[in-house]
Amino acid sequence: MLSKNYKILLIVLIVVTLISLNKFGGKKIRNTFYLVSSPIQKTFWRAGEGVSGFLGTLFEIKNLKKENEELFKRNFILLQKLTVLHNLREENKTLREALDIGLREKFTLVLTEIISKEIDQDFILISGGKAEGISENMPLITKEGVLVGKVKESFTNFSKVRLISAEKSVFDIEIQGEESVLGIAKGKGNLKIEFELVPKKNQIKEGDIIQTMTLGGSFPKGLLVGEVEKVRKTDVAPYQEGTIKPYFTAIPLRTLFVIKGFVREGEPEVHPVK
Amino acid sequence: MRKYLILILILSFLALIQESFLHHFEILGAVPNLILISVFLLNFLQKQENQFGIFAGFFSGAILDLSSALPIGTFFLTLGTLSFFIKKMGKLFQKSNIFAVFFIFLFSFFFYKILISFFTLSFNLESLFVEFLYNLALVFLLLFLIKRYAS
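Residue numbers (our numbering), protein chains in the order written: chain A, 32 to 305; chain B, 6 to 156.
Quick caveat, the hints were computed from the structure, so don't treat them as lab data. For every residue, glycine included, the Cβ atom is placed at its ideal position computed from N, Cα and C. Do not take every clue at face value.
[What the hints assert, rightly or not] Looking from chain A toward chain B, a few residues come up when the C-beta cut is under 10 Å (computed):
id, residue
1, Ala-78
2, Gly-84
3, Leu-102
4, Phe-154
5, Asn-188
6, Lys-191
Work out the full structure: start from the sequences and follow the hints.
Structure representation (structure tokens):
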């Protein structure tokens with residue numbers, strides 16, 4: 032058994048080592064660990080997707096017919112909206128040409144993939160880091176344009192991303208129902224998101240699409256977040272709130288993109304960094 | 006020495022599995038915490054004087070620290086301290102008693118969750134109950150398998 036002095040010395044040594052690791056060299060050690068473990072974790076992630084997909088299909092067979100019918104109806108509604116949008120786009124193009132406005136937005140994207148997700152927090156590890164030009168606060172999206180999260184920490188070859196459902200995640204949103212309504216989305220942890228600060232006078236209902244807004248500068252405008260799952264109104268509060276069904280949980284997160292910057296022609300490059 | 010090397014490999018493998026594979030098998034947001042279960046079983050089942058379980062606690066904490074976004078040392082200190090507590094509590098209960106397993110695991114689970122939430126400054130009550138039951142079910146299953154095939 033160690034004497035009391037040795038125990039105290041050991042504890043002090045451990046504390047000093049941990050503080051030193053966090054201040055100096057912690058990132059390099061983590062990057063090295065990810066370099067070694069990422070090939071194995073990627074394999075496990077894909078295997079997990081495959082097995083859960085197969086099992087999910089088995090359990091969901093009886094719901095497939097009903098789901099198919101609902102998707103068919105929704106597809107038809109979306110096609111109708113697409114036609115209306117197409118007409119509006121043509122009208123918009125004509126007006127812009129007439130007014131000679133040349134603004135366009137474009138994204139600079141970096142292709143990446145998911146390696147793992149932390150068990151106790153809504154953080155994921157992606158391939159790609161400072162070597163690929165990825166830095167803190169850059170948004171992460173899927174190829175469908177669905178918002179996943181924001182880079183929290185960037186190592187040499189990997190990055191940690193805070194999911195939009197993480198507890199400290201807060202950003203501006205637009206809810207597209209019969210009218211467009213602005214609000215705030217807040218992560219609640221465990222892949223759950225809620226919205227709040229939506230004026231009570233605005234009518235929103237379950238299924239309304241939610242996308243990002245650029246008011247706070249966190250994310251570019253127009254990235255899909257999810258849809259309204261539940262709406263909560265009380266007589267006392269001037270605002271309504273509710274839960275969001277995030278889209279990123281419904282699709283396989285394999286191929287992802289980090290938005291390095293979004294640029295409007297005619298304006299200097301703006302990075303969504305705060 | 007060989008025993009420690011095998012333990013290192015197994016714990017590393019479990020840490021990688023729980024962060025990459027098991028997420029696809031969540032139930033209401035709850036995922037099995039194989040590392041917590043392993044640390045609990047190793048410290049609960051082994052004799053008091055055996056330090057194997059305590060080594061497992063500190064080592065698995067170090068592995069989780071490397072793969073986490075939290076400051077290095079968070080899981081190392083949490084799981085290391087937890088190992089000591091499990092060993093002490095194991096003295097007070099008869100290990101074949103099912104209630105001993107329940108209460109010591111209950112303590113371990115919430116001790117782990119409270120310490121981690123202290124570092125993350127967040128505490129999510131909603132999924133805690135489901136997560137506890139999910140992990141407890143695995144603990145009982147593993148204990149049953151160990152008692153049936155290992156003794």
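Here is how each hint holds up against the structure:
1. Restraint check, Ala-78 (chain A) versus chain B: the minimum CB separation of about 6 Å is within 10 Å; hint holds.
2. Of the supplied interface hints, the one on Gly-84 (chain A) holds, with its beta-carbon coming within about 8 Å of a beta-carbon of chain B, less than 10 Å.
3. For Leu-102 (chain A), the shortest C-beta to C-beta distance to chain B is roughly 23 Å, which exceeds 10 Å, and the interface hint is violated.
4. Because the closest C-beta pair between Phe-154 (chain A) and chain B is about 5 Å apart, less than 10 Å, the hint holds.
5. Interface restraint check for Asn-188 (chain A): the shortest CB-CB distance to chain B comes to about 14 Å, outside 10 Å, so the restraint is violated.
6. With a cut of 10 Å, the hint placing Lys-191 (chain A) at the interface with chain B holds, because the nearest CB-to-CB distance is about 5 Å.
Hint violations for this structure: numbers 3 and 5, all remaining hints satisfied.
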